[in-house]
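So the chains spell out like this:
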Amino acid sequence: QQKVQQSPESLIVPEGGMASLNCTSSDRNVDYFWWYRQHSGKSPKMLMSIFSNGEKEEGRFTVHLNKASLHTSLHIRDSQPSDSALYLCAASKANTDKVVFGTGTRLQVSP
Amino acid sequence: GPKVLQIPSHQIIDMGQMVTLNCDPVSNHLYFYWYKQILGQQMEFLVNFYNGKVMEKSKLFKDQFSVERPDGSYFTLKIQPTALEDSAVYFCASSRTGGPSYEQYFGPGTRLTVL
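Line by line, the protein sequences give chains S and X. Per this note's numbering, the very first residue in the first sequence carries number 1083; after that it's consecutive. Per this note's numbering, the very first residue in the second sequence carries number 1367; after that it's consecutive.
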């Protein structure tokens, strides 16, 4: 059964610092990776997606993907207290709509 | 941005009763999904639905579960009868088109407690 592992489980960074979150899929057939952010009591919202090897940047957020190792990472620079949330990594395959989620990394940005 | 609504936000029922969870997807979306999240665990795919039919379902989508979207109204998840292990937060999602590379938009979830 496909699994998506995230690390660390929780992370505390100071305001203005860099947060780095990791995610690895156990399924070699995964083609697409997603990062979602979920504030407490709210719906998960898609932050970034990455489908090709390399790096993608949007504002303070950068994602990396290494398809050979099935590893993706999310980096948040200049972290803000409003970035405090649960970050979910998800993966999907080309022949299915099914998305598999990890258990998440809980990020806390301390003022 | 586009919003998915879920009604109710909380539901408490007795084991063995029927429950219907309602989802109002984004208006021009055609693909609909249900996910289940037990407290402290990851969100898990239950089912997806398109053009009046279940397209895929997981092992978690037991025979007691059913989904429908009659005449473009709410997309519903019905559980009949409910069991204690059905207690979880149920998230609805929708996407404009199918395929694994298209973003799914999530609702805020319905917290179901089965006593």
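To be clear, the hints were calculated from the coordinates, so they are not data collected in a lab. Ideal placement from N, C-alpha and C gives every residue a C-beta, glycine not left out. Just to be clear, a hint being listed does not mean it is correct.
[Said to hold, decoys possible] Here are a few chain S residues that sit away from chain X, every Cβ distance over 12 Å (derived from the structure):
1) I1094
2) S1151
3) T1178
[As the list claims (entries may be wrong)] Mimicking BS3-like on lysine-lysine, the simulated pairs with C-alpha atoms at most 27 Å apart in a straight line are:
4) X/K1419 with S/K1180
5) S/K1124 with S/K1149
6) S/K1138 with S/K1149
7) S/K1138 with X/K1425
8) X/K1419 with S/K1149
9) X/K1425 with S/K1175
10) S/K1138 with X/K1419
11) X/K1428 with S/K1149
12) S/K1138 with X/K1428
13) S/K1124 with X/K1444
14) S/K1149 with X/K1369
15) S/K1175 with X/K1369
16) S/K1138 with X/K1423
17) S/K1127 with X/K1423
18) S/K1149 with X/K1444
[To be verified] Negatives, chain S to chain X, calculated, CB over 12 Å:
19) V1086
20) Q1088
21) P1126
22) H1157
23) D1165
24) A1173
25) D1179
26) K1180
Discussion item. So if I understand the rule, the pair passes when the alpha-carbon distance is 27 Å or less; does X/K1425 with S/K1175 pass?
Written reply: Since the Cα atoms of X/K1425 and S/K1175 sit roughly 18 Å apart, the hinted pair holds (cutoff 27 Å).
| said: Against the 27 Å threshold, does the CA-CA distance of S/K1138 and X/K1423 hold or violate the hint? | reply: violated, 32 Å
request  = Over 12 Å to the closest beta carbon of chain X is the bar; see if S/D1165 clears it.
outcome  = holds, 18 Å
>> Confirm or reject: S/Q1088 is not an interface residue toward chain X, with every Cβ-Cβ distance exceeding 12 Å.
In response: violated, 9 Å
For the pair we were handed, X/K1419 and S/K1180, check the Cα-Cα distance against 27 Å. Distance of about 15 Å is within 27 Å: holds.
Checklist entry - Is it correct that the beta-carbon of S/A1173 has no partner in chain X closer than or equal to 12 Å? => result violated, 9 Å
message: Holds or violated: S/K1124 and X/K1444, Cα atoms, limit 27 Å.
response: Holds, at roughly 23 Å.
Original post:
In terms of Cβ atoms, is chain X entirely out of 12 Å range of S/D1179?
Top reply: About 5 Å separates S/D1179 from the closest Cβ of chain X, which leaves it inside 12 Å; violated.
Are X/K1419 and S/K1149 close enough, with their CA atoms no more than 27 Å apart?
violated, 33 Å
Against the 27 Å threshold, does the CA-CA distance of S/K1127 and X/K1423 hold or violate the hint? Roughly 23 Å between the alpha carbons, so the hint for S/K1127 and X/K1423 holds.
Note to self: So if I understand the rule, the pair passes when the alpha-carbon distance is 27 Å or less; does S/K1138 with S/K1149 pass?
What the structure shows: Holds: S/K1138 and S/K1149 sit about 14 Å apart, inside 27 Å.
task: With a cut-off of 27 Å on the C-alpha distance, tell me whether S/K1138 and X/K1428 pass.
output: Not satisfied, since the Cα-Cα distance of roughly 39 Å exceeds 27 Å.
Hint compliance for this structure: hints 3, 5, 7, 8, 10, 11, 12, 14, 16, 18, 19, 20, 21, 24, 25 and 26 are broken, all remaining hints hold.
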